[in-house]
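Asks: Chain by chain, the residues:
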Amino acid sequence: MVNLVQNEMTKLVGKRRFVIISIIIIALLSMFSYAQVKQAESIKERLGTVDWRTELQQQIVDMQNRLSSAGQWREQIQIQIKQSQYYLDHDVNPAEPGAPTFMRGFVQNSAELFLPLLIMIIAVDLVSSERSMGTIKLLLTRPVSRFRILLSKYIALILSVSLVIFLFGILSYIISVIMFGNQGWSAPVLTGFSTQGDTLDISAVRLVSQWQYIIQQFGLAWFISIVVGTLSFMLSILMRSSAAGMGTMLACLIAGAILSNMVSSWDSAKYLFMVNLGLMDYVSGSAPPIEGMTLGFSLAVLAAWMLASLMVSFTVFTRKDVY
Amino acid sequence: MSDITLSVQGLRKVIGKRTIIKDLSFELKRGEVFGFLGPNGAGKTTTIRMLVGLIKPTSGTIQICGLDIAKNFTRAMRHLGCIVENPELYPFLTGMENLRHFAVMISGITQARIDEVVQLVGMQERMNDKVSTYSLGMRQRLGIAQALLGKPDVLILDEPTNGLDPSGIREMRAFIRFLAEEEGLTVLVSSHLLHEIQLMCDRVAIISKGEIIRVDSVQQLLSSEERLVWRLLPHELGRAVLCELTTLLDETEETVTTTYTERLVGEWNRKLVDAGVSVLEMNRKLPALEDLFLELTGGESIG
Numbered sequence: 027m028v029n030l031v032q033n034e035m036t037k038l039v040g041k042r043r044f045v046i047i048s049i050i051i052i053a054l055l056s057m058f059s060y061a062q063v064k065q066a067e068s069i070k071e072r073l074g075t076v077d078w079r080t081e082l083q084q085q086i087v088d089m090q091n092r093l094s095s096a097g098q099w100r101e102q103i104q105i106q107i108k109q110s111q112y113y114l115d116h117d118v119n120p121a122e123p124g125a126p127t128f129m130r131g132f133v134q135n136s137a138e139l140f141l142p143l144l145i146m147i148i149a150v151d152l153v154s155s156e157r158s159m160g161t162i163k164l165l166l167t168r169p170v171s172r173f174r175i176l177l178s179k180y181i182a183l184i185l186s187v188s189l190v191i192f193l194f195g196i197l198s199y200i201i202s203v204i205m206f207g208n209q210g211w212s213a214p215v216l217t218g219f220s221t222q223g224d225t226l227d228i229s230a231v232r233l234v235s236q237w238q239y240i241i242q243q244f245g246l247a248w249f250i251s252i253v254v255g256t257l258s259f260m261l262s263i264l265m266r267s268s269a270a271g272m273g274t275m276l277a278c279l280i281a282g283a284i285l286s287n288m289v290s291s292w293d294s295a296k297y298l299f300m301v302n303l304g305l306m307d308y309v310s311g312s313a314p315p316i317e318g319m320t321l322g323f324s325l326a327v328l329a330a331w332m333l334a335s336l337m338v339s340f341t342v343f344t345r346k347d348v349y
Numbered sequence: 244m245s246d247i248t249l250s251v252q253g254l255r256k257v258i259g260k261r262t263i264i265k266d267l268s269f270e271l272k273r274g275e276v277f278g279f280l281g282p283n284g285a286g287k288t289t290t291i292r293m294l295v296g297l298i299k300p301t302s303g304t305i306q307i308c309g310l311d312i313a314k315n316f317t318r319a320m321r322h323l324g325c326i327v328e329n330p331e332l333y334p335f336l337t338g339m340e341n342l343r344h345f346a347v348m349i350s351g352i353t354q355a356r357i358d359e360v361v362q363l364v365g366m367q368e369r370m371n372d373k374v375s376t377y378s379l380g381m382r383q384r385l386g387i388a389q390a391l392l393g394k395p396d397v398l399i400l401d402e403p404t405n406g407l408d409p410s411g412i413r414e415m416r417a418f419i420r421f422l423a424e425e426e427g428l429t430v431l432v433s434s435h436l437l438h439e440i441q442l443m444c445d446r447v448a449i450i451s452k453g454e455i456i457r458v459d460s461v462q463q464l465l466s467s468e469e470r471l472v473w474r475l476l477p478h479e480l481g482r483a484v485l486c487e488l489t490t491l492l493d494e495t496e497e498t499v500t501t502t503y504t505e506r507l508v509g510e511w512n513r514k515l516v517d518a519g520v521s522v523l524e525m526n527r528k529l530p531a532l533e534d535l536f537l538e539l540t541g542g543e544s545i546g
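Protein chains in written order, with the numbering used here: chain V, 27 to 349; chain H, 244 to 546.
Some hints here could point you the wrong way.
To be verified - Cβ pair distances, simulated, as ranges:
no.	chain 1	residue 1	chain 2	residue 2	range
1	H	Lys394	V	Ala270	34 to 44 Å
2	H	Leu363	V	Leu285	51 to 61 Å
3	H	Arg318	V	Leu189	32 to 42 Å
4	H	Glu454	V	Leu285	51 to 61 Å
5	V	Ala61	H	Gly351	50 to 60 Å
6	H	Gly406	V	Asp347	22 to 32 Å
The set of hints was computed from the structure by calculation and includes no laboratory data.
Note that the Cβ used here is the ideal one computed from N, Cα and C, for glycine as well.
Please build the complete structure, drawing on both the sequences and the hints.
Replies: Here you go:
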């Protein structure tokens, strides 16, 4: 089994998948961190000071101004105002500048779309490329059962997801340390927000060190990536061409991003996997797309989708005729 | 262990409502090269894919060295080496990496065995180059090396000379004969070229529309179907003489075609000369696959 997994990893390395992914991460990171630096500079110019209290105060005023014309966003903005007010009252800087803060923001924003996209680069042609190359005929005529062959591919996928998340963390750390410095690992961050209707429930709010918060975020990002990877893996078995699988998965992810903003009154949409990918928002305290959704609920829905697609994958792969 | 290495009984495959393969049965012995002859679309590749476990038969059994591939897949596959259609390998890996990849999937293959098969197919010098830089002939050889890794008892090659140049074809034929005669392998080869099968195989099964229409030794099959084309002067007289000796199968303005019977041909020739006919040309002709098919299927055309 170890040998088979090693084979799969050799092939992924041979296809230069990890090199491509690293390059994409580095390119995007440089852009984002540069944008961040520019933004800090422009705020500094505008306010004439970098004191975060003034900045936060300004943001709250901005949000209050937007409140009257916000329409359906009203609820969310109110929650954000309350949250910011809480930071201000308790003298906690929500954006302690430094590498950890940047990483926190970067993971938060990439977990729903960017990281899943990187995972798809690996997962979506894991099986379909063997088919399009014709090597599947050699693979399946070895004295190894089809179940074990697919299992080795799935284990390789899990290893690759972990590796990509690791690369993502290391690269974002290196680049942000260069741009912003290494301070702020133990800065306190508020977590444990939960929302009921339009009220921000702060009864469970507590302070955690930023590094704990980041580890938690990376854990959630890893889980989201595994789920998206598993679904892409299934598409890679069901569909002959990698492009078709990629397209389908992309459509789902983008649909998820759009739906999250408009399904608040379509209750049963909360069982769709793509609406549940915003795990980070539960932790940071934004309102869920549909009332009543919680972190636990989303984790359960995603796990159910993952298990179902694994079952489909193995059933189809072990039975299918190969032409 | 018995001499039968591959045994197929009552093999059928139904896809939708169409029966693609109808009740195939045959047995292969150790050390023989067996040809699978038929036009494109006759069911050769489907049958081979069932033999190697890529497609599940609707009914019927396949045994490799006495092991049923439906019940004992991994143990049966241990005795089998194959190339189905083109030798597709990973283009982004080197030849050696490809062989290692397949070697670890079979228990007990050492680096020494890998080197041995590389030697056998004569690919030592290019093993560290990427497969994407190989010519088709080299890929074919690497494909065979890969098939031989596990010291199989049965080797299945689907159209092994497809796309090779004439010298490559000759080499491949010699290599297949060598494997059967010296190494005692059973080799199953498919082809749509009669000429090829004739030069390479001991026995042949002719397959058309999913059915085996004849299994015979190559010698037998050919001798019964061989033709002799005569060019005679004067044509009319010669034709009359031959007419008395044997049946005329075909004639044009200048030539007459008769059956070929080795022990009688000399006699026919003498009679013609005695009658004052000069024999300008005597041409032994192998039947084309098309003719053989017409003959065997009674007018059913290819395809």
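Asks: Hint by hint, note whether the structure agrees.
Replies: Now for the hints, and whether the structure bears them out:
For the pair Lys394 of chain H and Ala270 of chain V, the beta carbons lie near 40 Å from each other, so the given range of 34 to 44 Å is met. Roughly 60 Å separates the CB atoms of Leu363 of chain H and Leu285 of chain V, a value that falls within the hinted 51 to 61 Å. Take Arg318 of chain H and Leu189 of chain V: their Cβ atoms lie about 35 Å apart, and the range 32 to 42 Å holds. With their beta carbons about 55 Å apart, Glu454 of chain H and Leu285 of chain V fall inside the hinted range of 51 to 61 Å.
Evaluation of the 50 to 60 Å hint for Ala61 of chain V and Gly351 of chain H yields a pass: the beta carbon distance comes to about 57 Å. For the hinted restraint 22 to 32 Å between Gly406 of chain H and Asp347 of chain V, the CB-CB distance of approximately 26 Å keeps it satisfied.
Of the numbered hints given earlier, the model fails none.
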